Structure formats: C-alpha cells, structure tokens
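> The residues making up each chain are set out below.
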Amino acid sequence: MIVKSVAMQAYQNALKLQHNAQSKIGANFKSSAAAAPQGGFMDALKGNLEKVNDMQNSKSELVTSFAAGKEQNVHELMISLQKAGLAMSMTSAVRSKIMASYQELTKMQF
Amino acid sequence: MKALFEDHILVTEKVLDLRLQRQNVVMSNIANVTTRNYKPRKLAFEEDLQSALRLDARGKMARTDPKHLPSEFDVSGFKGKGLTDYKPRVVYGEDVVDLDKEMGAMAKNTLMYNALTDIMSKNFTGLQTAIQEGSK
Amino acid sequence: MDFMSALDISASGMKAQRTYMNVISMNLANVKTTRTSEGGPYRRKSVAFASTPIYNPFDKAMEDAETRELKGVTVRGIVTDKRPMKKVHEPGHPDADKEGFVSYPDINVVEEMANMITTMRSYEANVQAIQDTKAMFNKALQIAR
Chain A
31 MIVKSVAMQA YQNALKLQHN AQSKIGANFK SSAAAAPQGG FMDALKGNLE
81 KVNDMQNSKS ELVTSFAAGK EQNVHELMIS LQKAGLAMSM TSAVRSKIMA
131 SYQELTKMQF
Chain V
308 MKALFEDHIL VTEKVLDLRL QRQNVVMSNI ANVTTRNYKP RKLAFEEDLQ
358 SALRLDARGK MARTDPKHLP SEFDVSGFKG KGLTDYKPRV VYGEDVVDLD
408 KEMGAMAKNT LMYNALTDIM SKNFTGLQTA IQEGSK
Chain L
12 MDFMSALDIS ASGMKAQRTY MNVISMNLAN VKTTRTSEGG PYRRKSVAFA
62 STPIYNPFDK AMEDAETREL KGVTVRGIVT DKRPMKKVHE PGHPDADKEG
112 FVSYPDINVV EEMANMITTM RSYEANVQAI QDTKAMFNKA LQIAR
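Residue numbers (our numbering), protein chains in the order written: chain A, 31 to 140; chain V, 308 to 443; chain L, 12 to 156.
Mixed in with the good hints there might be a few duds.
Claimed, not checked - In silico SDA-like cross-links for lysine to any residue, where the CA-CA straight-line distance does not exceed 25 Å:
(1) A:K100 / V:E440
(2) L:K150 / A:K127
(3) A:K100 / V:M427
(4) A:K113 / V:A414
(5) V:K349 / L:D19
(6) V:K429 / A:N103
(7) L:K145 / A:K127
(8) A:K100 / V:S428
(9) V:K408 / L:R54
(10) V:K408 / L:S48
(11) V:K349 / L:T30
(12) V:K408 / L:K43
(13) A:K76 / V:K408
(14) V:K321 / V:E440
(15) A:K127 / V:H315
(16) V:K429 / A:E134
(17) L:K145 / V:D324
(18) V:K408 / L:H104
(19) A:K127 / A:M138
(20) A:K81 / V:K349
(21) L:K150 / A:N103
(22) A:K100 / V:H315
(23) A:K81 / V:A351
(24) V:K408 / L:F112
(25) V:K321 / A:M138
Derived by calculation from the structure, the hints in this document are not laboratory data.
Note that the coordinates shown come from a computational prediction; the quantities given were computed from them, not determined experimentally.
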C-alpha cells in the first residue's frame, strides 16, 4: 500500500537522522540535533500529510456523490473510507513516535 | 471549529432523513396494494440533490422559488438554510401499485440507509481517533 | 457499474411471471368454456415476453455503456393460441352446431400445470437473485465495519 510505505519511509528517515545525530553528539550536541533532523525529514512528513489530505478530500467527494445517489459502487466507497481512516491512524502513530524520539533526544544530558 | 464537520457529513445527515421518508411512502404503497383507485406515490429527491451539488452536467440555473435548493452549493452555504429546509417532492404515479417494484424500491432504500449509517459511524470514529491522538 | 440494476431487473422478471401466472389460471379455469363474450368458445391464451431496457433512455444510469446492455423483461401482450378446437359429438348441448359437434378449447391441463411449476420456479429464482444482491451489498458494507 502506498501510504504504508511512505509512512514507513518517513519513520525510517527519522530513525536514520536520529542515529546520525547521536553519532555526532560528542562533537557538538546542540547544533547537530537542531540541524540534522530538519532537511529530509520535514519534507517526508509534509509529503505524507499532503497525501493523507488528498485521501480525505476524495473520500468526502465520494461520500457526497454516494449519498446523492449518483454513484452506487458501495465497495469502492467502503475501501476509500478504510484507506483514509488507516492513513490517518498511521500518520498519527508515526507522528507520536517521532515526537517521542525527539523528546528523548532533547532529554539526553551530559 | 469551522470545518470540524465536513460537507459530506451534513449531506449524509439530510439524505438519511429523506430515505426514511421514502421508506414511509413505499410502505404506504405496499399497504394499499389492493385498494381501488389508489395511485402509487414515490418520493423524488435524487435529481434535485445532484443538480444542487453540481454533480451532474447541467449548468447553473436561476432560482425561481425560495424553497428550491440553490443551484450552487458552496461550503459556506451549507451552514445556511439551503439544505435543512429542503422538502422532497411526492410524485404521483399511474394506475396500479406494482408490488414487485415497490419491494425492489424498499430493498434499495434499506440498503442505502444501512450504508449511510455505517459511513456516519465511521466518520465519527475517525474524528474521535484524530482528536484523541492529537491530545496526546 | 450500477449496483441497483440487478434489483430492478429481478423486479421486472417477477412482475412478468406474475402476469403469466394469471394467464395460466385463466386457462385452467376455462377448460370447458364453450361460450365467451366474443361469441365462440374460449381460446387458449399465452403471454408474449419481450426484453426491454429497464431505464428511460434519458436516465443518468444509461450513460454507462455497460448499463445500456442490461435489459429487463416486460409482457408485450397476451396472445391467443391458434390451435384448432377439440370437437366432441354432443347433440344435446345448447352450443352444438348443426352436425351436433361442440367445440371445446384445446387446453391440456397437464401442460398448464407444468407451465405453472416453471413459472413458480422462475419467480423463486428472481427472488433468490434479489436476496443474493442484497447479501453482496451487505458484505461490501463489512469492509468498513
């Protein structure tokens, strides 16, 4: 599924960047932790959010046309509902993981 | 708070009401299957909704009666009276009640009603999940 | 593809079978009728079916090419059978002709009963088709449950 791989990629990117940040900690903690997660990570997250938003919009349109009686493919509608719901859950799960790992990073003391 | 309940939730809510009304009309047709001089009725709302939601290919139309749905539904117009004041038309048919057609209409209506209630509950569950996850 | 066409098609099938059933009962009731309002003895009737498109040509559902292929059934008309009558020699009958033969309709009761069983089975098959369509719809609802 496209959403799953994008979300997983975002999560893996976050982990990779966290690893990079950890390895640079001996040199200069503050700047690396602030600079390293910014670049590829934020773009991946933004792309993911846009995709989820698109899914929500198409779900909304599909529901409206189903309710008005124009479109009667109920399985298409149900699949789109599930997709949108799962994308939302996956995104919020990834988000909470990233927040937790970032907070762990900032909690590190020397 | 403005966009908490999206457009499709409002439309679904209204259509659930309309489907219930249609169920009543169909049941009264079926009850009167042997009544002499009874003309079967049906409730028509689908074309009106579709043209108002701009889901069909017709162009924009002038609104000649305040009770008509506005021919353009925009997002802010939903909050107004356009959708809640809509009354569907009852169409009178010709001679006799056709029992099989009425049973078919009732089956269709029931299926659509069940599907719409499932959609509503799924929407609200999704909203609740988003709210709970966001508050963590 | 329209989901609900199956319901309309089955409903039209059921209506046609009911009409046929009425005609069969009429035939069975008039097995020995020798006088009708048109004059002669009763002639056996049967039904002509025709496959017709289920929707009005201007209906939105007809824009789909696949839906245009779907046809339901309607009763085109009730046709009179042209079988020759059965002539029985009964000189005392009020409807006897000059040689003493009475024309009875050539209705075979066994044939009509067989037709009746076929009609009933077709009706049941249509009802079953409707049930199956509803079950499919409900299964699709379970995707999102």
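> Check the hint pairing K127 (chain A) with H315 (chain V) against an upper bound of 25 Å on the C-alpha distance.
31 Å, violated
> Taking only the CA atoms, is the gap from K100 (chain A) to S428 (chain V) under or equal to 25 Å?
21 Å, holds
> Hinted pair, alpha-carbon criterion (25 Å max): K145 (chain L), D324 (chain V). Please report holds or violated.
22 Å, holds
> Going straight from one Cα to the other, do K349 (chain V) and T30 (chain L) come out at no more than 25 Å?
23 Å, holds
> Mind checking the alpha carbons of K150 (chain L) and N103 (chain A) for me, to see if they're no more than 25 Å apart?
13 Å, holds
> Quickly compare the C-alpha distance for K81 (chain A) and K349 (chain V) to 25 Å and report which way the hint goes.
42 Å, violated
> Please verify whether K127 (chain A) and M138 (chain A) have alpha carbons no more than 25 Å apart.
17 Å, holds
> Can the restraint linking K408 (chain V) and R54 (chain L) be considered satisfied, given a maximum Cα separation of 25 Å?
31 Å, violated
> Assess, step by step, whether the Cα of K408 (chain V) is no farther than 25 Å from the Cα of H104 (chain L), and give holds or violated.
Violated. K408 (chain V) to H104 (chain L) sits at ~47 Å, over the 25 Å cutoff.
> Between K408 (chain V) and K43 (chain L), is the straight-line Cα distance small enough, at 25 Å or below?
35 Å, violated
> Given the hint that K321 (chain V) pairs with E440 (chain V), does the C-alpha gap stay at or below 25 Å?
29 Å, violated
> For a C-alpha distance cap of 25 Å, please report whether K408 (chain V) and F112 (chain L) respect it.
48 Å, violated
When the structure is compared with the earlier hints, violations turn up for hints 1, 2, 4, 7, 9, 10, 12, 13, 14, 15, 16, 18, 20, 23, 24, 25 and for no others.
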